[in-house]
Each structure stands twice: as C-alpha cells, then as structure tokens.
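There are 2 protein chains.
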Amino acid sequence: MPPLPASHPLDARASDPALLGWMVGSPPPPEKRIRFDDGTCRQFPQIRWAYSHQRQLVPTRAVPRGTGPVWELPRAPREDLDAVRFMPIGADAPMSWGEAFDANYTDGIVVLHRGRIVQERYAGVLRPEVQHLAMSVTKSFVGLLGAMLVADGTLDEQAPASNWVPELSGSAFGHATVRQLLDMTTALRYSEDYANPAAEIYDFVRAGHVVPRPADYTGPDGFHAFLRMVQAQGTHGEAFAYKTVNTDVLAWVMARATGQALDMLLAERLWQPLGTEHDAYFSVDALGTPFAGGGLNLALRDLARVGELMRLRGTRPDTGHSIVPGAVIDDIARGADPARFAKAGYGLLLGWSYRSMWWVTHNPHGAYTARGVHGQGIYVDPAAEMVVARFASHPMAANAHLDPTSLPAYHALARHLMAEPG
Amino acid sequence: MPPLPASHPLDARASDPALLGWMVGSPPPPEKRIRFDDGTCRQFPQIRWAYSHQRQLVPTRAVPRGTGPVWELPRAPREDLDAVRFMPIGADAPMSWGEAFDANYTDGIVVLHRGRIVQERYAGVLRPEVQHLAMSVTKSFVGLLGAMLVADGTLDEQAPASNWVPELSGSAFGHATVRQLLDMTTALRYSEDYANPAAEIYDFVRAGHVVPRPADYTGPDGFHAFLRMVQAQGTHGEAFAYKTVNTDVLAWVMARATGQALDMLLAERLWQPLGTEHDAYFSVDALGTPFAGGGLNLALRDLARVGELMRLRGTRPDTGHSIVPGAVIDDIARGADPARFAKAGYGLLLGWSYRSMWWVTHNPHGAYTARGVHGQGIYVDPAAEMVVARFASHPMAANAHLDPTSLPAYHALARHLMAEPG
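Read top to bottom, the protein sequences are chains H and W.
Position one of the first sequence corresponds to residue 3 (my numbering), numbered consecutively onward.
Position one of the second sequence corresponds to residue 3 (my numbering), numbered consecutively onward.
The following block holds chain H by itself, in its conformation from the complex (with noise of 0.2 Å):
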C-alpha cells in the first residue's frame, strides 16, 4: 500500500466541499478559489469540489444521451444495508457499510439489487444531476466499446495498431495487437508510478493538458504527439502492465477505424440505446481529442445503468433491446489470465485478471469492476445481482488505500443481499 501522507489528511467530514465553501462567492475569495492553472484543482481537499466541476476548469466534448426515452430505475430502498458489518482488510475491527461511506471520502454511491435503487446517497458538492469525473473507470468505458467493435468485425483483436494508424509504426505500438492494448499486457518504456514526478504519465498528461504546463514548455503537443513517442521494453502479451496510454492507442485505433471521434462512439453506441439520465463529457487537449484514458465525467446515476447493463448482458430491461452483445460482456467477466496478471504485483488483487480493460475478481461471485482513482468505480456482482457504482474523492489517488474498506464491504453487501433478498 501506498504510504500515507505524513500530515494526516482531513476526514471526510471535516473536508466536505460545501462546508468549506469553495468557489462560493463573486468572486470567490482567495482562500477559497480553485484553478486548473496554479493547479490547486488537483490537491486535497480541493478535488472534493473539482472532481464534480471539470468542466468549468478544462475544455470539454459532450456525450449527448439525445431525446429518448429514460431508462428508469425502480426503486425499492432498504434501511438494513447501513448495518451490514464487513472487516476491512489489515484491520482489527469490523466496519459498517454505512461507516464505509466516508472512511472512502464517498461523493455519491448507487447500489441496485435486481435492478432497483436500494441505495442512493450524495455527499458535498455531488448531486443527481451533476457529472463526477470518472478518472480511469473511462478507461473501461472505452475497453467495453472497443470489445462491441471487435465482435462487430470493425477491429480485428490480432491485427496491430498501426493496422489503423500507420503513424505509430516506430512506436511500441507499431507491433502490439488489439488485444494486448485491451488487456494492457503491451510491454512498454513508460512508467505509470504517480510517486515519482519523472514518470512517463506525467509527460503524457502535459502533452494532452490534464494539467498545466510549465511556460517554457516544449514537449509533444497533445494526447497522439505523445503516444507516436512511446517505445517498447520487453515482449507484448507476457504481462499485464496497467499503463493509460494503452487506452488512449485504442480509442485512436477506434477513431481511425470509425470514423467517429470517441464521444460520438459513445454517444451513438451506449449513451443513446442505454437512456441515460444526463449528457456525459470528456476532457480534451488543445487539439479536442477526448482524453480517452480518464477523461470522462457522468452523473452517478448513469455510471449504475452501465453497471446494470453489464449484469444483464447488454440488453435494456425496459425495451428488451440488445445494446451490447451478451458475448462480449461474458468474455469480459470470465476475465483474462490471472497469472499474467500476477506480474503486476497487486498485492490487494490476489487471483484477478484484467479484460477489455475491466477488473475480474475471479471470486465466488464472479464478480469484476471498472477502477479509476480516488476511489471511483462500478463493481458488479452477477451472483449477488448486485451493481454499486461509487463516486469519490479520496486524499489520496490509488485505489490500494480504498480497497481494504470497500472490496470486502461490497462483498459483504453481496452476501447480505443473497441472504436477505427484501
């Protein structure tokens, strides 16, 4: 686990968004402003109130949901869930689910049983109706897609990127198929480790302007600049190796090969057939390319019906119709090779695999997860017909500070609702 910062942080009481008034006032006062360029916009606790704001601090695409007909969730709401007791991992105390809230610095969290609403909760700045950014959970978003156009024969999993996108012949990703960017196993020179300020993901997210750039700087000029520069170290497909320009290389293969810039992709293939509630939109660099590797932002509500449609196979229950094909969603949970995936190192995540950039568990339940930072995620249980999609913003960003009071506690909740069906 990632070390914890040596000043403790505020609990997540004491670092409520609404209580501590940011952005509140015309204009706000100085000790209350929040920036994309002085970079407050990505400190603690100042991303209680950012992570809901994206798109007043950044350019943004939008995924229009149309003019359809909403997908409705029935509701059926559940008092007992709060006291569901689960022990989270390292401890020596059990913790409640109603205490998980905000030991995980929870923005808003959706749990549907069967299909409805049996929880739904909203802390801070967060409401129904306002979009939360979804850090890497986009990522399986766009995994999910890029799978639909594999089945569909658009892309061909064995064929390389540079099959669609001859500009990265000479990058790591001339060589790598399909596949291997869809279960990151692409063995790359790029470290993802945000402990250490030289790693390659902070190059790459100054060239798509995720954050501000130094004045003098000269370095590669948005997201595909960046990707055409990345270079190969070791041998594709042994590893699984969780690195985000794998998924900005996919989302530009699918570009290529549709036509369609990724918001549109979404928009025509999930976020219009699903009847979301609420548009969604991606964060874009200088050049309106959607930051495919954590850009996205979408109201909670929305994130549940993704979940939801995963549980079912892909299809809507309301209409009948067949969004995703139930093939692609199976594939998806029985999961990739766990020993590949043992490489990684994950020491919380003993035994999952990572497929069409989704988080198979491999547990009783057949479980798997979308994951993105600060402790964003959908996490579906098909034994338990469970779906918990959470917003949230954690001090600090890996998800190893989040797993040991939220993998057991959904878990828990699982085997509460099996027990105890309502």
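FYI, nobody ran anything at the bench for these hints, they're computed from the structure.
We treat Cβ as the ideally placed atom computed from N, Cα and C, and that holds for glycine.
Just to be clear, a hint being listed does not mean it is correct.
Claimed, not checked - Not close to chain H: a few residues of chain W, all C-beta gaps over 12 Å, as computed:
#, residue
1, T62
2, E194
3, A200
4, H238
5, A341
6, R417
Unchecked claim - A partial selection of chain W residues facing chain H, derived with a Cβ cut-off under 10 Å:
#, residue
7, M25
8, G27
9, P29
10, P30
11, I36
12, L59
13, R77
14, W254
15, G261
16, D281
17, V286
18, D287
We have chain H; now place chain W onto it with these hints.
Just chain W, lined up with the frame of chain H:
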C-alpha cells in the same frame, strides 16, 4: 460602415466549415486545426466552425434546462418566403430573403410567425442540437434578467452598483446606477473599438481569458479584477455608449443581490420555466465567472423561444405560465430616449434606442432586437407577429456589415407575413 478587408474573404459557400473539413481527423492535419491558444479560433473562416464548438476550446458552465417538458414550437413551413425581395441599404439592386441567408454568412435561422416555425434552416456545422456562440445577444438575456430583478424589487434601479459590490466604489461604477448599466448610459474611460488593438475591450477579454494571454501577462486576473479598475470619463446618464463592461458589472450586481451565479439565475428564471430544448452554457474566466457580456452558447430554436416569449409579453403559450412580467417587456419594447442613443453615432440605426440591453428600432412595427457581432440576433416584430432568430459567422464583426442585408430583409419579411398571413 467599417472598411471591408483588403483581400475579399471567402463567400459563404466557399467558407462552409463542413466543406473545409476543419478539425476532421484523429488528429486533424495541421492545416485543419483550430485552437484557442494560437488565436485561430477567432479568425475567419475558422470562426465558421469555432462558433459552434466553444466548449471544446474553453472552460464552460452549464445552464441546465432541467427535466421539464419542452415548449414545442408548432411547424407550418412556407415555401414563399425565400422569394421575398428587399433593397439592401446602399445597394442598387434588390436581394431576396433566400439570397440573404448566404450574404450574411448565416449558420442557422428560424422564423416564427404567430408562434409557428415557418422557416428553419442550417448551414455548415450547425445543427438543431448544437449550441452556437451568441456573442452580445448574451447581453440582452442579462438585461432581461436584470429588469426582472428590478421589477420584483431585488434591485433598485436608481441605486449605484457599489450598493451591492462595494469593491466598485473606487471605479466608474461607484456611482453608476443599475438603470444606467441596463441602458449603457455610463460614461467610461474605456474603448470598445475592436479596430484599435490598444482599446480597453482587449484588456478586459484578456483578463477574462476570452482570448489567449501573452506569456508575460501581468494584467488583471478575471473579469471582476478588471471591472474594479475602470474609471469614469464624463457624466453618467447623458449618452448611450455601447460598452461590454456594463453588462458584466450588472451581472456582478445580480450575483451579489441574488446569491446566484449568472448561469443558475438564467436557468431558474428563464431556461427551465421556458421549456427550452437544450442546455445552454457560458464560457467562464479562470475563477469560474460567466462572461455576461458575450459568453452564452445556446441552440437556435431556444434562441427563437426567447424571442417568442418576448413577443408574447412573457407568457408561455402552451402552459399559460407567466415567466417574465408583461410590464418588463413592455418597458423594453417602448425603448429609451433616441436622443441619447443618437450620440453614439450609429449611422444605420437612426431613431433607435437601447433599453435594458435590447436594441429598439422605434419603427412603425415596434420591432426590437438582440444583437451580437458576426451576425447573431433575435428580431421581434410585434405588429407582424414575427420573430427571427439567427446565428451567423460573418467575416466582419461589426453588425454594420450585416445590417444592410438584414434589417431591410426582416422588415420586408414582416410586411410579407402581414400581407399574406398564410
């Protein structure tokens, strides 16, 4: 009329942004790129694309329409309108309504007659669901909201701006009243002459990040910081002088008086009760302040709905709900003192006045309009029961270039609809 550029620009067909393929490709080729930071997004012909894609160029805040039912505009298309002929000002040959579409570099136009859409047409990259930059039409929305706040007693139109914003005490606005702001009769040491690069309008938009800043920028940061520095020159109340800063000061006063940012005030007072079809959005400065003087983006039919609401004296016809007090609109339609307006020297707008940030023609039909550079506009003709809503991207900013082929066209169409009401 300001001079035409030395090199005659591309005409509407030749500058069609879909034809030119701006920003197509992943990434778009260098010669097809439109960016914020290099200023290309404000150059012709790039503006023909950029005015329909502001949110991917700059940070924005949404004006949500909410979830209420849309005010559906009935359709009664008429084929006879395009043949309506008029004499452009200063021309020696007539032009038809159909020809005026391209002559004005129109991106989209909606004509309502007696509340029905008799014509709706789009060009280039504008579509019914796309939000287009409204430029100074934004001011008319802010002025309408300001007049509503005067009517309901939230604002005293005779009180100075510093009554709500003490920080303005040392500026020209320390003793400018709300009414002087609404009617732009303040006397300011501030030039809005776009042809002069040293004009203060450029300092203002740099402060608000509407345009890129030089690397060594040390000027005021944010709209509010600039507004505090504007000094008086002359005596308030004596003459109309069109200066954008009046609107941003009014918006500042409104934000303080209501505790609501402009985007939410517009949403609650107008966008949601009106039954708009689409969210609108404001561009914002680095502190999240909406650009009240020219930063609103909205869909064309929603622009028409605002015009029709004005024509109907503030009552939405499908629900019968009063959204704007009739007296507020009557006051705008009556206009202000044309003698004060004449001092501004608009050669094509003889006898006009400016009231609550609407331009009033004082013509026999009682027409009044909202106007923005490059051809944005709403034209309300009460006598003809006609509303025209238009978005455009004319190569020249000043409406003096569009008025010769617009104002006589509107009036001719109005007379045609009165003579042949269909």
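A quick look at each hint next to the structure:
no. : hint : verdict
1   : T62  : 6 Å, violated
2   : E194 : 23 Å, holds
3   : A200 : 25 Å, holds
4   : H238 : 23 Å, holds
5   : A341 : 35 Å, holds
6   : R417 : 36 Å, holds
7   : M25  : 6 Å, holds
8   : G27  : 9 Å, holds
9   : P29  : 5 Å, holds
10  : P30  : 7 Å, holds
11  : I36  : 8 Å, holds
12  : L59  : 6 Å, holds
13  : R77  : 16 Å, violated
14  : W254 : 6 Å, holds
15  : G261 : 9 Å, holds
16  : D281 : 7 Å, holds
17  : V286 : 5 Å, holds
18  : D287 : 9 Å, holds
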